[in-house]
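Trainee: With chain C's structure known, arrange chain F on it following the hints.
Going down the list, the sequences are from chains C and F.
Take the first sequence: its position 157, counting from 1, is numbered 157 in our numbering, and each next residue is one higher.
Take the second sequence: its position 25, counting from 1, is numbered 25 in our numbering, and each next residue is one higher.
Everything hinted at is true.
Calculated lysine to aspartate or glutamate pairs in the EDC-like style (CA-CA distance at most 16 angstroms, straight line):
no. : chain 1 : residue 1 : chain 2 : residue 2
1   : C       : K175      : C       : D141
2   : C       : K156      : F       : D167
3   : F       : K156      : C       : D167
Derived from the structure by calculation, the hints contain no laboratory data.
Residues per chain are reported as follows:
2 protein chains.
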Amino acid sequence: MANREEIVKAVVNALTIEIEASGRHVHLTKEAVEALFGPGHRLTEVRPLSQPGQFVSAERVDVVGPKGTFANVAVLGPERKENQVEVSRTDAVTLGLKPPVRQSGDLRDSCPVTLRANGRELKLANGVIIAQRHIHFTPADAAKYGVVDGQQVGLKCLTGRPAVLMDTVARVSDKFATYIHLDYDEANACGWVKGDRGRLV
Amino acid sequence: MANREEIVKAVVNALTIEIEASGRHVHLTKEAVEALFGPGHRLTEVRPLSQPGQFVSAERVDVVGPKGTFANVAVLGPERKENQVEVSRTDAVTLGLKPPVRQSGDLRDSCPVTLRANGRELKLANGVIIAQRHIHFTPADAAKYGVVDGQQVGLKCLTGRPAVLMDTVARVSDKFATYIHLDYDEANACGWVKGDRGRLV
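The following block holds chain C by itself, in its conformation from the complex (with noise of 0.2 angstroms):
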């Protein structure tokens, strides 16, 4: 027999999904890392994310902005068809960047930047974004939840600081797992630990 809490535990699961929070982080071209690590360079592997097939990868570059600059921020991989930098507001105020908010992949004037790495330096035209609060959906889960791909959603934080933030994308795929992914300053705003969880509203 199941006990009471684990009960409870299962249905609070069913009925939310889990935040996490992305840091600022990079994507890259197969150009790009070449560019920057060497001919022939391939991304390496050090750490599985949440979504299938993603990952955070061995190599660092700096991110250098006109007022300021982030060493050694995450690359993730694998590698991708554009060269995306992924910052929260904050962070785009000391780079002295002002970054439209957009989906992954959606550049449209997004800012440029310089990646430096080992020396090497690579002057990207744009790619700088602040990434929509958005939640990655199984179709399983979409359809449970009654929310279609691109749909935007109010999104309660159950955390310490709680919060209900509205414009928040749903993305569906059969490539994803079910994650809500905040920038920091969203996370900080909200309170968030790891292990919170959000519903929709």
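Mentor: Below, chain F alone, put in the same frame as chain C:
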């Protein structure tokens, strides 16, 4: 005859409250001012704040935590009965501190920190907090909105990344002007820009 735009603006302003974002800052006692800036020194006003009698001073201090330092942090005047250092949670991570979220003046479990200025150093046994999001109300505005001092309200931020921030505390005093105060984690999570307003929900 008033024109339509003016009337609309007046109605919106009557139903909403201006949001201000507070950067990291320090409040000092007279004794702390003298310890850091010399015997007999008093804080010098350079710019008034929205709250009557409060001001940004010419004096700046370095805030030194176990993991990081912020140089030239604003000291707000006038002098207070207790030293208090208000930071965002992002700032707290940089400093290497885990301060509690507290109302101004409530220093239970607040963190120790070191202040430096002009080659002088002052170690505070406590005083670092993350200021709880709050709304200053005049007694007349509190009555209009039906809130009492200390009440927690939901705050809808009518901002670029709209959000409802729960646990926003109402503070009522005849010494206040009516303004919403967020820290920069909250302001950036909401996409706040100067002039944005919020309403109680």
